[in-house]
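Peer 1: Now for the letters of each chain:
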Amino acid sequence: MEWAWLIPVFGFAAFGVIALGGNALPWRGRYLSILAIGAGFALFWFVLLDFIERGGGFHRFGVDWFETGGVTVAWGIIIDPLTVTMLALVTFVALAVQVYSLGYMAGDKRIGWYYAVHSLFAAAMLTLVLADNLLLLYFAWELVGLCSYLLIGFWHERRSAAEAAKKAFVTTRIGDVGLLIGIILLVVHTGTFDITEILARATNPAPGEELSNALITGTALLLFLGAMGKSAQFPLHVWLPDAMEGPSPVSALIHAATMVAAGVFLVARMLPLFEASGAALEVVAVVGLVTGLVGATLALTSTDLKRILAYSTMSHLGFMMLALGAGGFTAAIFHLVAHGLAKAMLFLGAGSVMHALDNETDIRKMGGLRRVMPMTALTFTIGAAALAGIPPLSAFWSKDEMLLAVHGGLHPIYLVLFLAAIGLSALYMARAVRLAFYGPLNDAARRAHESPRVMTLPMLLLASLTLVVGFLALPLGAGYEGIGTFLLQAGEKPHPFTLNAWLTAASVVLAVGAFAGGWRLYDKRADVVASARARFAALHRALERGYYLDAGYQWVIDKVVMRAGSAVALFDRRVVNDGGVNGPGEGTVFAGRQLRRHVTGLFADYGAAMALGVLGIGIFLWARSA
Amino acid sequence: MDWADRHALEALIYLPMLTAAALILTPPGARRTIHTVGVGAGLLLLIGSVYVFWVFDHGAGAPTFQLVRVYPWLEQLGIDFRLGVDGVGALMVLLTGIVSFTAAIIATTAEREPKPYYTLLYLLIAGVYGTFVSIDLFFLFFFYELAVVPMYLLIAVWGSSSKFADFARTKEYGAMKLVLMLVAGSVLVWIAIIAIYVEAGIGSFDILALQAASHDGAFSAGFQRVVFPLAMIGFGVLAGLWPFHTWSPDGHVAAPTSVSMLHAGVLMKLGAFGIIRVGMTLLPSGMEDWALILFVLATANVIYGAVSAMAQTDLKYVVGYSSVSHMGYVLMGIATMDALGLTGATLQMFSHGVMTALFFAVVGVIYDRAHTRDTLALNGLASRMGVTTALFVIAGLTSLGLPGLSGFVSELLVFIGAFRTQPILGALGVVGAAITAVYVLRLIARVFFGPRSRDWNALPDISAKEGFAAAVLVVPIVLVGVYPQPFLRVIDSAVEPLLQPFGGA
Numbered sequence: 001m002e003w004a005w006l007i008p009v010f011g012f013a014a015f016g017v018i019a020l021g022g023n024a025l026p027w028r029g030r031y032l033s034i035l036a037i038g039a040g041f042a043l044f045w046f047v048l049l050d051f052i053e054r055g056g057g058f059h060r061f062g063v064d065w066f067e068t069g070g071v072t073v074a075w076g077i078i079i080d081p082l083t084v085t086m087l088a089l090v091t092f093v094a095l096a097v098q099v100y101s102l103g104y105m106a107g108d109k110r111i112g113w114y115y116a117v118h119s120l121f122a123a124a125m126l127t128l129v130l131a132d133n134l135l136l137l138y139f140a141w142e143l144v145g146l147c148s149y150l151l152i153g154f155w156h157e158r159r160s161a162a163e164a165a166k167k168a169f170v171t172t173r174i175g176d177v178g179l180l181i182g183i184i185l186l187v188v189h190t191g192t193f194d195i196t197e198i199l200a201r202a203t204n205p206a207p208g209e210e211l212s213n214a215l216i217t218g219t220a221l222l223l224f225l226g227a228m229g230k231s232a233q234f235p236l237h238v239w240l241p242d243a244m245e246g247p248s249p250v251s252a253l254i255h256a257a258t259m260v261a262a263g264v265f266l267v268a269r270m271l272p273l274f275e276a277s278g279a280a281l282e283v284v285a286v287v288g289l290v291t292g293l294v295g296a297t298l299a300l301t302s303t304d305l306k307r308i309l310a311y312s313t314m315s316h317l318g319f320m321m322l323a324l325g326a327g328g329f330t331a332a333i334f335h336l337v338a339h340g341l342a343k344a345m346l347f348l349g350a351g352s353v354m355h356a357l358d359n360e361t362d363i364r365k366m367g368g369l370r371r372v373m374p375m376t377a378l379t380f381t382i383g384a385a386a387l388a389g390i391p392p393l394s395a396f397w398s399k400d401e402m403l404l405a406v407h408g409g410l411h412p413i414y415l416v417l418f419l420a421a422i423g424l425s426a427l428y429m430a431r432a433v434r435l436a437f438y439g440p441l442n443d444a445a446r447r448a449h450e451s452p453r454v455m456t457l458p459m460l461l462l463a464s465l466t467l468v469v470g471f472l473a474l475p476l477g478a479g480y481e482g483i484g485t486f487l488l489q490a491g492e493k494p495h496p497f498t499l500n501a502w503l504t505a506a507s508v509v510l511a512v513g514a515f516a517g518g519w520r521l522y523d524k525r526a527d528v529v530a531s532a533r534a535r536f537a538a539l540h541r542a543l544e545r546g547y548y549l550d551a552g553y554q555w556v557i558d559k560v561v562m563r564a565g566s567a568v569a570l571f572d573r574r575v576v577n578d579g580g581v582n583g584p585g586e587g588t589v590f591a592g593r594q595l596r597r598h599v600t601g602l603f604a605d606y607g608a609a610m611a612l613g614v615l616g617i618g619i620f621l622w623a624r625s626a
Numbered sequence: 001m002d003w004a005d006r007h008a009l010e011a012l013i014y015l016p017m018l019t020a021a022a023l024i025l026t027p028p029g030a031r032r033t034i035h036t037v038g039v040g041a042g043l044l045l046l047i048g049s050v051y052v053f054w055v056f057d058h059g060a061g062a063p064t065f066q067l068v069r070v071y072p073w074l075e076q077l078g079i080d081f082r083l084g085v086d087g088v089g090a091l092m093v094l095l096t097g098i099v100s101f102t103a104a105i106i107a108t109t110a111e112r113e114p115k116p117y118y119t120l121l122y123l124l125i126a127g128v129y130g131t132f133v134s135i136d137l138f139f140l141f142f143f144y145e146l147a148v149v150p151m152y153l154l155i156a157v158w159g160s161s162s163k164f165a166d167f168a169r170t171k172e173y174g175a176m177k178l179v180l181m182l183v184a185g186s187v188l189v190w191i192a193i194i195a196i197y198v199e200a201g202i203g204s205f206d207i208l209a210l211q212a213a214s215h216d217g218a219f220s221a222g223f224q225r226v227v228f229p230l231a232m233i234g235f236g237v238l239a240g241l242w243p244f245h246t247w248s249p250d251g252h253v254a255a256p257t258s259v260s261m262l263h264a265g266v267l268m269k270l271g272a273f274g275i276i277r278v279g280m281t282l283l284p285s286g287m288e289d290w291a292l293i294l295f296v297l298a299t300a301n302v303i304y305g306a307v308s309a310m311a312q313t314d315l316k317y318v319v320g321y322s323s324v325s326h327m328g329y330v331l332m333g334i335a336t337m338d339a340l341g342l343t344g345a346t347l348q349m350f351s352h353g354v355m356t357a358l359f360f361a362v363v364g365v366i367y368d369r370a371h372t373r374d375t376l377a378l379n380g381l382a383s384r385m386g387v388t389t390a391l392f393v394i395a396g397l398t399s400l401g402l403p404g405l406s407g408f409v410s411e412l413l414v415f416i417g418a419f420r421t422q423p424i425l426g427a428l429g430v431v432g433a434a435i436t437a438v439y440v441l442r443l444i445a446r447v448f449f450g451p452r453s454r455d456w457n458a459l460p461d462i463s464a465k466e467g468f469a470a471a472v473l474v475v476p477i478v479l480v481g482v483y484p485q486p487f488l489r490v491i492d493s494a495v496e497p498l499l500q501p502f503g504g505a
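Chains A and B are the protein sequences, given in the same order.
For the first sequence, position 446 (counting from the first letter as 1) is numbered 446 according to our numbering, and the numbering increases by one without interruption.
For the second sequence, position 405 (counting from the first letter as 1) is numbered 405 according to our numbering, and the numbering increases by one without interruption.
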């Protein structure tokens with residue numbers, strides 16, 4: 001367990017070697033990268049076994065990084081159930097994605113660079129989940145952002161990819177302003193970057209060291225702003241749908257194990273701080289719920305396979321935040337894992353389809369793909385059904401845990417809306433699967449073919465995990481009483497598996513009903529869909545445009561931000577420079593010209609001036625004496 | 001190495017002067033010899049600078065000023081040629097070595113008439129070193145002036161004029177404005193120095209003696225309140241203090257590449273250094289009175305510079321305004337009068353110096369090949385100039401404060417210091433970093449990414465020589481970003497005594 005810090009080091013090393021060695025390396029370094037993440041995955045098992053042997057708990061290891069002005073920063077790691085769970089998810093998904101990329105990216109001329117950044121991406125995310133202090137966490141946080149920037153913009157010759165990459169970085173960066181200010185405020189008021197100490201100060205302070213309520217709420221909200229950017233929470237989600245400009249395996253990584261998971265992880269890690277301030281927790285819940293609903297509605301109308309998946313990710317991230325807002329730490333992280341596995345597989349499936357169809361992503365041009373790509377269709381269907389919440393697949397169980405948490409922690413209105421969103425997710429998933437893979441084979445798709453085994457194998461692996469991982473919720477014996485007895489915060493009481501029959505029944509009925517209904521609707525009753533679309537044309541248009549958020553932001557950037565920039569630049573040139581700098585210079589020259597006039601050299605002029613002067617003095621003296 | 005320690009600092013001043021003298025004697029046609037001498041002297045300076053930084057003792061109990069050397073000069077007036085460095089000075093010496101060496105390499109690629117060019121360049125470098133290592137006010141000012149004057153010729157003769165859609169800037173205009181504004185600042189500084197000399201009444205220009213006098217109450221609060229702003233604004237002009245910054249972007253646009261590197265890399269640091277060495281050290285209560293105003297102006301630097309940079313369409317204007325913005329963090333850190341803030345300010349001086357030198361080097365490479373710096377005309381360069389793109393992206397990421405690169409560490413320290421003193425202004429500073437991200441990433445997306453137009457199909461990538469110079473600049477950026485401890489230790493040893501008059505830290 002002491003060696004867990006090595007897990008990301010493999011990746012950093014691989015990045016360094018591949019980035020500098022480049023194409024000179026054998027196989028352009030791609031197997032080196034896979035070896036590094038594979039080693040990380042193997043090491044994770046040692047850590048896990050060691051962790052179980054020591055009976056779980058909370059462990060820390062570290063060395064000092066630097067020290068200045070009385071503030072010490074350590075390069076340290078935390079090993080607790082949260083970290084171990086995240087290590088599992090990140091190493092496994094990254095490994096699967098990298099193996100899949102061998103097939104998907106074969107022949108790309110910059111494949112070395114692709115694998116280098118993949119290594120760095122995984123390494124950064126692993127550092128993030130291991131970090132024991134906020135500075136190291138922020139360090140990794142920004143590296144994760146950088147890697148997604150580089151990978152989304154991997155095909156940078158395409159204008160759209162370059163723009164999407166920039167948008168992702170800038171949007172998340174806006175959230176990061178909050179995160180950084182939050183971290184600095186915490187450091188200024190507690191004198192330490194250490195997460196454990198900060199949480200102790202917030203929840204259980206020594207007498208005289210209490211933090212004010214305003215500070216706790218304020219910093220929690222600022223940290224949450226960062227999480228909103230990374231985890232694509234409304235209204236900072238706009239980068240996520242565009243992020244599919246990157247290669248599909250990259251989307252799989254971003255949507256499952258790295259980028260978007262970071263925000264949820266951050267809130268989970270700092271949850272005691274949020275809980276110390278009820279208001280902050282409430283905000284998390286509301287934002288999560290809104291995000292869940294907005295994402296689900298947007299997914300319902302999109303016709304782009306990858307966009308549907310992206311909006312679905314957004315919606316599920318909202319669910320996780322909602323669960324966290326309800327205090328459901330276990331449920332949220334459990335769903336993060338269940339969703340991550342399923343979503344990674346769905347994106348790999350979408351990539352497989354694009355691979356076969358010359359990068360086509362429009363589901364209206366697909367249809368009946370299961371006849372030509374049976375393996376992709378099978379795995380995709382499993383993933384979609386899992387996220388729709390069909391029992392006994394993974395997300396059904398995690399959703400159940402989240403429902404329990406929301407039921408126990410929040411006002412019933414949250415529960416009702418959450419259930420509605422669950423119904424919507426089943427509906428849009430049914431639609432996507434039905435339109436893309438079933439029904440009659442589309443003519444455009446006739447030439448399609450199944451992807452090579454190096455791609456289908458990772459998909460199959462992920463699919464089988466999706467089938468079984470949900471059972472972790474159940475008491476499996478040998479002292480294991482369900483996920484609630486393992487995945488805990490420090491100091492939280494274990495909560496064995498429980499079943500609320502009403503809630504479970506409601507969610508099953510909703511999920512299965514919506515999925516089946518949706519299937520039937522898009523299979524047989526296209527007329528109903530068309531008429532609904534016609535009746536709610538304005539709503540439909542708003543949904544297609546993402547509630548006009550993109551257009552709104554663009555307007556603000558063009559009309560406000562850029563205009564302000566131009567105005568300031570013009571002010572600088574005209575007022576500060578021409579007025580303030582050239583002005584005195586020109587003034588001096590002008591004054592010189594004016595003053596020169598009286599030097600005429602004519603005796604009469606001087607005589608007249610003298611006479612006027614004498615007269616003036618005379619008048620002055622006369623006036624004074626009078 | 002006793003002998004080396006005794007003479008290290010003066011060698012850093014004499015060497016560039018001797019190089020300039022030697023170049024005067026070289027026949028003008030001997031380009032190769034001139035280049036060899038130019039680059040060789042740069043390498044020696046780098047070695048000497050690293051040596052000074054290396055031997056600087058930051059341990060507890062070590063004297064604040066080290067490698068001290070005194071040569072009596074005008075004893076009647078109390079002027080001595082008095083040299084020594086504290087932690088701040090040592091780091092600035094290191095920065096000067098790095099930037100001088102790389103600028104000397106870059107200068108071999110383009111400049112016509114290399115003989116007078118290198119001669120002036122080395123006079124300028126001698127002035128810069130002299131300012132950083134002088135602990136006598138008279139010589140500090142002498143070298144400060146020496147660094148400014150060669151700029152005029154370097155820009156007016158070797159610079160370039162530019163035309164834009166709605167205005168034009170000739171190189172003569174840029175050179176003249178730069179020198180006039182800096183000289184105006186110098187006048188204020190000179191008044192402040194004479195006032196300090198007279199008021200102290202000890203008949204000495206020795207900074208340490210004056211500091212002791214200041215400590216004993218030689219300067220009344222009223223005196224300091226009046227004299228401090230002279231030093232603050234006078235030196236502030238060179239540091240790019242808002243609203244006295246306009247010489248800087250225009251100067252950059254007119255200046256040749258290697259001059260831009262030195263100008264933004266080290267010259268602007270002289271101003272911030274002067275505020276610390278003269279203002280903060282000798283006039284502590286004046287500093288306290290004016291700190292809030294300096295803080296506000298520095299925040300204006302950060303935001304105003306970043307917003308202006310957003311609207312620029314010339315690569316050099318973008319980098320020039322970004323320098324204005326980043327120097328704001330230096331001034332902000334000084335204004336905090338907080339241990340972390342001041343440490344951050346000093347580290348930011350170093351970090352920004354190296355980063356901006358890299359920026360200008362890369363912009364120069366692009367300009368040499370494409371003959372334009374117009375961001376609206378350039379596009380898709382990444383697919384032709386991969387290494388150049390990577391270097392620009394590294395500089396860009398440093399400037400937007402990406403962790404793992406030097407800018408993050410220094411800005412973070414400044415922010416923490418700022419939040420301890422003026423949280424609102426500190427928050428604006430963080431917002432400035434986000435604006436930086438916007439303009440840097442927009443620029444990268446526009447210039448380097450996207451489809452490439454046909455004009456740029458034949459651009460060659462960076463040459464080995466230029467690439468080497470750039471690599472020399474990347475090393476400290478990454479080093480400070482990943483392991484800042486050796487740098488912070490040296491700075492800390494200076495910060496503590498600097499903050500003594502303000503009740504410790």
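Since the hints were made in silico from the structure, they are not lab data.
Heads up, a few of these hints could be off.
Looking from chain B toward chain A, a few residues come up when the C-beta cut is under 7 Å (computed) [said to hold, decoys possible]: (1) 310; (2) 416; (3) 427; (4) 467; (5) 471.
Facing chain B, according to a computed beta carbon distance under 7 Å, are these residues of chain A, among others [stated by the list, open to error]: (6) 139; (7) 142; (8) 159; (9) 166; (10) 173; (11) 177; (12) 184; (13) 215; (14) 217; (15) 378; (16) 381; (17) 556; (18) 558; (19) 566; (20) 579; (21) 581.
Ideal placement from N, C-alpha and C gives every residue a C-beta, glycine not left out.
Peer 1: For every hint, state whether the structure bears it out.
Peer 2: Each hint, compared with the structure:
With a least beta-carbon distance of about 4 Å to chain A, the hint placing residue 310 of chain B at the interface is held under the 7 Å criterion. The closest approach between the C-beta of residue 416 of chain B and any C-beta of chain A is roughly 6 Å, which is under the 7 Å cut-off, so the hint is satisfied. Taking 7 Å as the C-beta cut-off, the interface hint given for residue 427 of chain B holds, the closest approach to chain A being about 6 Å. The closest approach between the C-beta of residue 467 of chain B and any C-beta of chain A is roughly 13 Å, which is over the 7 Å cut-off, so the hint fails.
The restraint placing residue 471 of chain B at the interface with chain A is violated, with a minimum CB-CB distance near 11 Å, outside the 7 Å limit. Given hint, residue 139 of chain A at the interface with chain B, holds; its Cβ is 4 Å from that chain's nearest Cβ, closer than 7 Å. Interface hint at residue 142 of chain A: satisfied, since its Cβ lies 5 Å from the closest Cβ of chain B, which is below the 7 Å cut-off. Against a cut-off of 7 Å between C-beta atoms, the interface hint on residue 159 of chain A holds, since the closest Cβ of chain B lies about 4 Å away.
For residue 166 of chain A, the suggested interface contact is upheld, since its CB lies about 5 Å from the closest CB of chain B, less than 7 Å. With its C-beta approaching chain B no nearer than about 5 Å, residue 173 of chain A sits inside the 7 Å limit, and its interface hint holds. Because the beta carbon of residue 177 of chain A sits about 5 Å from the nearest beta carbon in chain B, less than 7 Å, this interface hint is met. Annotation: residue 184 of chain A was flagged as interfacial toward chain B, and the flag holds, the nearest CB pair being 5 Å apart, inside 7 Å.
The restraint placing residue 215 of chain A at the interface with chain B is violated, with a minimum CB-CB distance near 11 Å, outside the 7 Å limit. The interface hint given for residue 217 of chain A is violated, since its Cβ lies 16 Å from the closest Cβ of chain B, which is over the 7 Å cut-off. Because the closest C-beta pair between residue 378 of chain A and chain B is about 38 Å apart, greater than 7 Å, the hint is violated. Interface restraint check for residue 381 of chain A: the shortest CB-CB distance to chain B comes to about 37 Å, outside 7 Å, so the restraint is violated.
For residue 556 of chain A, the interface hint is violated, the least distance from its beta-carbon to any beta-carbon of chain B being 12 Å, above 7 Å. Interface restraint check: residue 558 of chain A against chain B, minimum CB-CB distance 12 Å, threshold 7 Å, status violated. Because the smallest distance between the Cβ of residue 566 of chain A and any Cβ of chain B comes to about 4 Å, under 7 Å, the interface hint for this residue holds. Because the beta carbon of residue 579 of chain A sits about 10 Å from the nearest beta carbon in chain B, more than 7 Å, this interface hint is broken.
Below 7 Å, beta-carbon pairs count as interface contacts, and residue 581 of chain A has one with chain B at about 6 Å; its hint therefore holds.
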